[in-house]
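J.: Letter by letter, the chains look like this.
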Amino acid sequence: MSENKSETVSSVVDNYQANDELFEELLNDSELSATWGRYHLMGDVMRGENSDVINLELSSQIAAAIADEPTILAPRTANNFTSKVKAKVVQFAKPFGQMAIAASAAGLMVMGVQQNAVDSNDALPITQVVKPIPLGGIAEPVSLNFQPNSRTSEKQAFVEQQRRFQALLSDHQQQIKLSSVDVNNTLQQEKAEEPAK
Amino acid sequence: MKLISSLLLMVSISTSVAAAENEPAEPWLERLANSLQTLNFSTSFVVVKNNQAEPYHWFHGVDESGDELEILSLLNGPRRDVLRKKNTVSYIEPELPPYSVTSQQISGPIPAILRGDVGKLAQTYDFISVGRSRVLGRPAQLIRIVSKDPYRYGHWLWLDQKTGMLLKLALVNRTGQLLEQIQFTHLDITSELGESLVQLQQTTLPKTIEIPEGYQEQKLQWQVNWLPEGFARINANRHRISATKKPVEFMLFTDGLIDVSVYVNPSDGNQRATDYVMDGATAVLNQVINGFEVSVVGKIPAKTAKAIADSVVLTPQVAP
Numbered sequence: 003m004s005e006n007k008s009e010t011v012s013s014v015v016d017n018y019q020a021n022d023e024l025f026e027e028l029l030n031d032s033e034l035s036a037t038w039g040r041y042h043l044m045g046d047v048m049r050g051e052n053s054d055v056i057n058l059e060l061s062s063q064i065a066a067a068i069a070d071e072p073t074i075l076a077p078r079t080a081n082n083f084t085s086k087v088k089a090k091v092v093q094f095a096k097p098f099g100q101m102a103i104a105a106s107a108a109g110l111m112v113m114g115v116q117q118n119a120v121d122s123n124d125a126l127p128i129t130q131v132v133k134p135i136p137l138g139g140i141a142e143p144v145s146l147n148f149q150p151n152s153r154t155s156e157k158q159a160f161v162e163q164q165r166r167f168q169a170l171l172s173d174h175q176q177q178i179k180l181s182s183v184d185v186n187n188t189l190q191q192e193k194a195e196e197p198a199k
Numbered sequence: 016m017k018l019i020s021s022l023l024l025m026v027s028i029s030t031s032v033a034a035a036e037n038e039p040a041e042p043w044l045e046r047l048a049n050s051l052q053t054l055n056f057s058t059s060f061v062v063v064k065n066n067q068a069e070p071y072h073w074f075h076g077v078d079e080s081g082d083e084l085e086i087l088s089l090l091n092g093p094r095r096d097v098l099r100k101k102n103t104v105s106y107i108e109p110e111l112p113p114y115s116v117t118s119q120q121i122s123g124p125i126p127a128i129l130r131g132d133v134g135k136l137a138q139t140y141d142f143i144s145v146g147r148s149r150v151l152g153r154p155a156q157l158i159r160i161v162s163k164d165p166y167r168y169g170h171w172l173w174l175d176q177k178t179g180m181l182l183k184l185a186l187v188n189r190t191g192q193l194l195e196q197i198q199f200t201h202l203d204i205t206s207e208l209g210e211s212l213v214q215l216q217q218t219t220l221p222k223t224i225e226i227p228e229g230y231q232e233q234k235l236q237w238q239v240n241w242l243p244e245g246f247a248r249i250n251a252n253r254h255r256i257s258a259t260k261k262p263v264e265f266m267l268f269t270d271g272l273i274d275v276s277v278y279v280n281p282s283d284g285n286q287r288a289t290d291y292v293m294d295g296a297t298a299v300l301n302q303v304i305n306g307f308e309v310s311v312v313g314k315i316p317a318k319t320a321k322a323i324a325d326s327v328v329l330t331p332q333v334a335p
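Protein sequences, first through last, are from chains A and B. When we follow our numbering, the leftmost residue of the first sequence carries the number 3, and every step to the right adds one. When we follow our numbering, the leftmost residue of the second sequence carries the number 16, and every step to the right adds one.
Since the hints were derived computationally from the structure, they do not count as laboratory data. Every residue, glycine too, gets a C-beta built ideally from N, C-alpha and C. Accuracy of the hints is not assured; some may be wrong.
[Unchecked claim] Some residues of chain A that are not near chain B, with every Cβ distance over 10 Å (derived):
#1 S62
#2 V161
#3 A169
[Claimed, not checked] The list that follows gives simulated cross-link-like pairs (lysine-lysine, DSS-like), each with its CA atoms no further than 25 Å apart:
#4 K261(B) / K157(A)
#5 K234(B) / K179(A)
#6 K177(B) / K179(A)
#7 K234(B) / K101(B)
#8 K179(A) / K183(B)
All chains should be modelled from the sequences, with the hints used to inform the complete structure.
T.: As C-alpha cells, then:
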C-alpha cells in the first residue's frame, strides 16, 4: 500500500474527498479497507468513544501471550545452580572475609564515632536545653487542669536564655584574655579556696 | 578457625599497643613547646565544633633580638586578630576598641600551656603516647593528655614527627566522643621571618590596659567549695557583662589546661531550674537558687559544671 493511498483514505475518513471511485477502490482493496477501519477506530478512541473495543482485544492478546509464556521458567533452574556454587565459595572464604569485615567495621566505627559526634554536637544546643521555668520564676500551680504557659512566653524565655548563654560565653573568653597574665607562673602560687569540704 | 583468627587479631592489637606505650609522651610535649616558641612558622587551622568550621591563620617567629612575634587571625566573619610582640598581646575585636594586655601568651583556640611547661599538669593529667598516624600529609605521633579524674575531657594531640609541631588537636569525652577539634590545613616552617611578621615589627600596638592593683583579687561574699583537683583561682572581680551590662561577681579558675568561670549575681526571680548549652566542648550552665543566679562556663562536662555551681555558697558578710 502506498503512502499516497493511505493519505486518500485519511481524507475520505475526514470527509474531505468523497466520490464513488474512491469508495469502490476502498471496498475492493482489503488492505485499504482495513486502514479505513483503523483510522475510524483511532478517531473513536481519540473522541473517547468505543474504547472498550480495544481493551477487549488487548486483554485477549495479553492472555494469549501469557499462555505462551511457560518456556521462560526453564532458565531459572540454571540460575539456581550457579548461585549454589557461589554459596559454597563464600563459605570457604568466610574466615578471611570476616576478618576483613571486622577490620573495616572497626574503621567504620572510628569514622562513625566522629560522624556521630559532629551530628550530636549540632543537635546539642537545642536538645540539651532543659525546659526553663516560666519567666519570673513563679512556682507553677499544682493542678491537672493548669495550662503550663503559653507558647509565646516559652519562646521568649528560650530566647532570653540563649542570649544569656551567649553573653556568658563571650564574657568568659574576654576574662580569660584579661587574666592571662602568664598562667605558668601564677598557677603554683595561688590556691583555690579550700577545695572539697 | 574463627577462634584462631580472632586470637591472632587480639594478640596483634595488644602487642602494637604495648609497643606504643613504651615510648614516653613527655619528650614529645617538650618538643612541641620548644617548636611553638622557637620556630618561624606560618600555618592555617580550622576549629571544628557544632558542625561549623572556623578558619584561622597563625604566624609565629623570632626576630634578630630573640623576641617572639605572633599573629593569630580569624578568617571568617568580622575581623578578630590577636597580635603579640614579646610580652604585649593586642586583641582587635568587633565588640571593643583594640586593646593590649601584658602577657606572654595569646588566648586563642589552642591552649597556651602547650607552649609552656606541660609537666605542671602531671598532677592532674596523664600523658600517653598512643601511636602513629598520618595527619596533614605527614607522619604524626598521637599523644593523649587524659585527666586522672572523670571530671574533665581528654586532649588528643597529633604532633609532627619531624618538627614536633601541632598538626591536630581534639577534645574528647570519657566515652571517646569527639566534641571539638582543631585541624591544621597547612604548615610552613621557614628560616626567615614571614612577611606579615616583619610588618608587625613596624606597627605600634594599641595602648596597654592597666589593670588596677588588687582588681583581680577582690574579696567576694561567696566561695566555690568544690572544684576538680588541680584548679587554682587566678581572678576574682566585679564587672559588668559587656553584652547585657549586667553587674556580676566573677571568679576564674584554671588547672593549667582549661579555664572555668563562675559568675554570681542577684536575680529577679527566686528559682530557675538548671539549664545549660554546649558550644563544642564548652559548657555554659546557669541556675537560680534562693534569688541568686550562678553560672559556670568552661570546657568541662555539664555534670562537672553542675557540681561546681551547686558548691557555691554565700559567706556571711564580715563587718567592715
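J.: All hints, please: hold or fail.
T.: Comparing the hints with the structure gives:
1. Here S62(A) stays apart from chain B, with its beta-carbon at least about 60 Å from theirs, past the 10 Å limit.
2. At the 10 Å boundary, the C-beta of V161(A) stays outside the reach of chain B, the nearest C-beta of that chain being 13 Å off.
3. For A169(A), the requirement that its beta carbon stay farther than 10 Å from each beta carbon of chain B is not met, with the minimum near 4 Å.
4. Between the alpha carbons of K261(B) and K157(A) the distance comes to roughly 22 Å, so the proposed pair stays at or under 25 Å and holds.
5. Annotation: proposed proximity of K234(B) to K179(A) holds, straight-line Cα distance about 21 Å (limit 25 Å).
6. Distance check on the hinted pair: K177(B) and K179(A) sit about 32 Å apart at the alpha-carbon level, beyond 25 Å; violated.
7. Taking the CA atoms of K234(B) and K101(B), the gap is about 32 Å. The hint is violated against a cut of 25 Å.
8. Restraint check: the Cα-Cα separation between K179(A) and K183(B) comes to about 23 Å, which is no more than 25 Å; the hinted pair holds.
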